[in-house]
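Asker: Sequences and hints are given; from them, build the entire structure.
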Amino acid sequence: MTWGQGLSIFFLTGLDIVSFIVRLSALVIIPQRHNPSTATAWLLVILLWPWPGMIAYSILGTNVLPSRRMERHNAMLSYFHDIRARMMHSELPGAISPQLPPSLQATANLAQNLGYLSAVQGNTVQYVTEAVDFIDTLVDEIDAAASEIDLLYYIFADDSQGRKVVNACRRAARRGVTVRLLLDSVGSREFLRSSLREDIQRDGVQVEEALPVRIYRAKAARFDLRNHRKLAVFDSRVAVTGSHNVTEPSYGRFGKLIWKDVSLRFCGPVVRQLESVFIEDWYVETGERLDTAHLFSANDNFSGPSCLQTVPSGPSYQTENYQRLIIASIIGAQEQVTITTPYLIPDEGMLQAIEVARLRGVKVRLVTPARSDQIIAGYASRAYYEDFLRLGVEVYLYDKGLLHAKTVTVDDNLGFVGSSNFDIRSFSLNFEINMILYGVQENFGIHRVQGLYICDSHRLTQDEWGKRGHVSMALESVTKLLSPLL
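Count along the sequence shown from 1, add 15, and you get the number used in the working numbering.
Everything labelled a hint here was simulated from the structure, so no lab data went into it.
Distance windows between CB atoms, simulated:
| # | residue 1 | residue 2 | range |
| --- | --- | --- | --- |
| 1 | L366 | R189 | 46 to 56 Å |
| 2 | E213 | Q367 | 48 to 58 Å |
| 3 | R386 | E145 | 13 to 23 Å |
| 4 | Q389 | L366 | 14 to 24 Å |
| 5 | T193 | Q127 | 28 to 38 Å |
| 6 | L406 | K482 | 14 to 24 Å |
| 7 | R178 | Q141 | 19 to 29 Å |
Here are the simulated DSS-like pairs of lysine-lysine, each with C-alpha atoms no more than 30 Å apart in a straight line:
| # | residue 1 | residue 2 |
| --- | --- | --- |
| 8 | K378 | K415 |
| 9 | K415 | K482 |
| 10 | K482 | K378 |
| 11 | K179 | K415 |
Note that the structure is a prediction, hence the values are computed from the model and not measured.
Every residue, glycine too, gets a C-beta built ideally from N, C-alpha and C.
Answerer: Next up, the structure:
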């Protein structure tokens, strides 16, 4: 044996020993930090590819936020707790503490304990289902605003629709209105790095990045923790939230494949809840504490018919707020559950909730795109179709574009609309905002929208599903194993 051969053997043996130590360490550490399904997925990756797996885990393996962010988040939660206490003793106890049936009151209590915002009466709701109408709504409200405009979006694009909103913001700033844009650093990266950002800042529009990606920071959060919220607030009077982003209906993808979304326009006390979410996000990113005196003012006349509740969620909260809420609602369903989502990657708790609902005789319908914009997530979603079909769930595949609307209805009197997908990423990693609508009349609009989506879909049958190719089956199996990481 030559000296060089001996050195090579020594080097390779050393690598084998280190790889063994890496695998052994992963077996000890990872199960302590994650739920069983997520831990199993990470262990599979690391056992198969020790070095790439450990590097990936060091970057993506935890959803712990930097201490400064958590300190600011907790400070705002404490501050808003005091505000809510003052609201409870204001002149609007009926608006702040509405009377709900016992089943709905249980949902409201759970949502309040998770997201710290109560159900409020006295609101009006309007549905916005077309992308062009959504942009027109934003522009109209911006042009009508007299004092403040707050916009928080995951995607704000430098395209024809984004420029309509930008031009309206510039007009508002020039007439003395305070305009704030808080945009996700990844979702809106092209706009944030464009000359258009500089132009509107010169006009007085404030533009900030949410969760900026700073790889060189020693204590930076994982880069795929994103602010996925979509929210606009005007003069503390009107708010718009839902699944629409500020971009063209095709999102610039798939050769003009149209995305189908739904957003809600609100007036009433729920606007103040939504504004408080923006105020917290702005403070966390900038350190600037905006004025909140108006949030507990009792001078407004809240005469709308609807009872609503805001549910913020994200890794800064102690638990997975929206996931817990949806599980409880599905388990409590008496007649039907209908879910629309672009990405259908449930965790074990969600699957069990749907199974329990079906065993109790509840009709469950899932509506998701026939064609996904995300290849890996698309295969991971399809990997669960077999489970749903086995349980007797009605699976509908939307054929008229890319269904991007995120809605859930339970029976005829409980509904959810917002930014959260029906997947592990939205439940655990993204900052999301969702609305709860209480009452039959309030949910009529959601049922109508869901019905239109179903009409533009075809129902997946066991026969159709069984005819897919072997390559698809293999990809579905692999992505299903990794779905807790997606």
